[in-house]
Amino acid sequence: MAQGLPGRLRRVFMLQTVLAIVAVLASLYVSTVFARGVLATQWVHAEAARFWTRAAEEPGHAPPWTPSVQGYFVPDGIDPEAAGVPADYAEAGPGLHRLGPPGTSQRLLVQDGPGGRLYLQMPFRLLDRVALWSLLIASVLATLAIGVVSWLSYRTARGMVLPVHAMAGEVAKWDPQRVDLEAIDLVRLPGEVGSEVHQLEGALRGLAERSQAFVRRERDFTREASHELRTPLTVIRVATDMLRRDPELPPRLQRSLDRVQVAARDMEAVVDALLILAREDVKADAGTIDVRAVAAEAVMVGQALLDEMGTAAAVTLELVERGRPEPAGSVRALALILEQLVRNACTFTREGRIEVRVEQHRVEVRDTGVGMERDVLERAFEPFYRADQYVGGRGLGLAVVRRLAARYGWAVQIDSVPGQGTTVTVGFGERAALRGGQPR
Numbered sequence: 001m002a003q004g005l006p007g008r009l010r011r012v013f014m015l016q017t018v019l020a021i022v023a024v025l026a027s028l029y030v031s032t033v034f035a036r037g038v039l040a041t042q043w044v045h046a047e048a049a050r051f052w053t054r055a056a057e058e059p060g061h062a063p064p065w066t067p068s069v070q071g072y073f074v075p076d077g078i079d080p081e082a083a084g085v086p087a088d089y090a091e092a093g094p095g096l097h098r099l100g101p102p103g104t105s106q107r108l109l110v111q112d113g114p115g116g117r118l119y120l121q122m123p124f125r126l127l128d129r130v131a132l133w134s135l136l137i138a139s140v141l142a143t144l145a146i147g148v149v150s151w152l153s154y155r156t157a158r159g160m161v162l163p164v165h166a167m168a169g170e171v172a173k174w175d176p177q178r179v180d181l182e183a184i185d186l187v188r189l190p191g192e193v194g195s196e197v198h199q200l201e202g203a204l205r206g207l208a209e210r211s212q213a214f215v216r217r218e219r220d221f222t223r224e225a226s227h228e229l230r231t232p233l234t235v236i237r238v239a240t241d242m243l244r245r246d247p248e249l250p251p252r253l254q255r256s257l258d259r260v261q262v263a264a265r266d267m268e269a270v271v272d273a274l275l276i277l278a279r280e281d282v283k284a285d286a287g288t289i290d291v292r293a294v295a296a297e298a299v300m301v302g303q304a305l306l307d308e309m310g311t312a313a314a315v316t317l318e319l320v321e322r323g324r325p326e327p328a329g330s331v332r333a334l335a336l337i338l339e340q341l342v343r344n345a346c347t348f349t350r351e352g353r354i355e356v357r358v359e360q361h362r363v364e365v366r367d368t369g370v371g372m373e374r375d376v377l378e379r380a381f382e383p384f385y386r387a388d389q390y391v392g393g394r395g396l397g398l399a400v401v402r403r404l405a406a407r408y409g410w411a412v413q414i415d416s417v418p419g420q421g422t423t424v425t426v427g428f429g430e431r432a433a434l435r436g437g438q439p440r
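Using the UniProt record's numbering, the letters of the sequence shown map in sequence onto residues 1 to 440.
Derived by calculation from the structure, the hints in this document are not laboratory data. Check before you lean on any hint, since a few could be wrong.
Claimed, not checked - Simulated restraints on C-beta separations:
hint: 1; residue 1: T143; residue 2: G77; range: 19 to 25 Å
hint: 2; residue 1: G113; residue 2: A82; range: 15 to 21 Å
hint: 3; residue 1: L249; residue 2: A399; range: 34 to 40 Å
hint: 4; residue 1: S153; residue 2: P383; range: 39 to 45 Å
hint: 5; residue 1: A213; residue 2: L144; range: 38 to 44 Å
Backbone N, C-alpha and C define an ideal beta-carbon position, used for all residues, glycine too.
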């Protein structure tokens, strides 16, 4: 909780309280010092005014001499020191002077009046004690008041955010396929449940219900589509196989059946790819993959395609094994990816060589075909994008290939040189060692 909203709120209130106390104490100190100075000045001037008034009424009236004020009157023409005035007082000119070291409150007032000069010295020790105790008492009371108000404010604010914090914790633990709506029941939440929390709870409950409905629809669609789409494709494949065995089948129909079978296989690959992409839990069919075996099957598919296209004599398709990677993932997904990459290589290589290289942490499909221009290479992974040389392509697009790979944490990149060929790399894990190229 210390790392969540209540913890941050507590730190904010603590900082606010400390800053408020410091500001109030500083204000009290400055105010006390200022008030003490004003009172001291007014007091000493009041004593001087009282003396001059009495001296006017009673000639020869002696200046005040008490523990709180000591006065000296020097008639005109008399040396101050001869009249008993201390030497440091006698050197001071008319006006109010501060005596003693810094921090003391002694004041010396020197005034000229009728018949002579008045020296008044006041220590203000009592005033200092009163000011000090007033400052201490005011500081303690202000600190207590700020602390109590801040604590009460924090408790109120904490009670308001606790339901949100608790709700956030429960939502973070939600499994999209099994949402626990009882966990965000307002009765079970701590703190004060306000109208905003009611609105948030209602919104989360609605979102969770829609999410559950979406998961159910996705699961039902995947299950039904798997059956409804694959069944007719299987029927087409079996029926075409039976027709091809007919010895009396004309060559023209034979070629048509071959195209139907190829289209059915392509459609099966597309359906499988879309079902994998639509599935929420890709770990359900994940396991350790024998990459070499999958690559060998892709080479067989490519060889059949070369035979069908009539380019088998001009193009050499070969499996090169330089490692035996065993990544985690779906065998079917990797088969779809490699078969599509091999088909692309076969389609755009009229003569030369195609290699399927199995390295320790990646698979490369290399061809010596037409290659791709830079602008085409930059858009190769865009959905539904086809350059002129791709017109008439079939099966999965490169965008779907990359999405399939990303579902299992694999990386796909393309390196291509126009007129020299293309290399597509599928890397497994962090040690895929992919080189620079187009989108991964």
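Taking the hints in turn, this is what the structure says about them:
At roughly 59 Å, the beta carbons of T143 and G77 sit outside the given window of 19 to 25 Å. A beta carbon spacing of about 19 Å between G113 and A82 agrees with the range 15 to 21 Å that was offered as a hint. Taken as a hint, the range 34 to 40 Å holds for the pair L249 and A399, whose Cβ atoms sit roughly 38 Å apart. Here the CB-CB span from S153 to P383 is close to 54 Å, at odds with the stated 39 to 45 Å.
Distance hint check: the CB atoms of A213 and L144 are about 56 Å apart, inconsistent with the given range 38 to 44 Å.
Comparing the model with each numbered hint stated earlier shows that hints 1, 4 and 5 do not hold.
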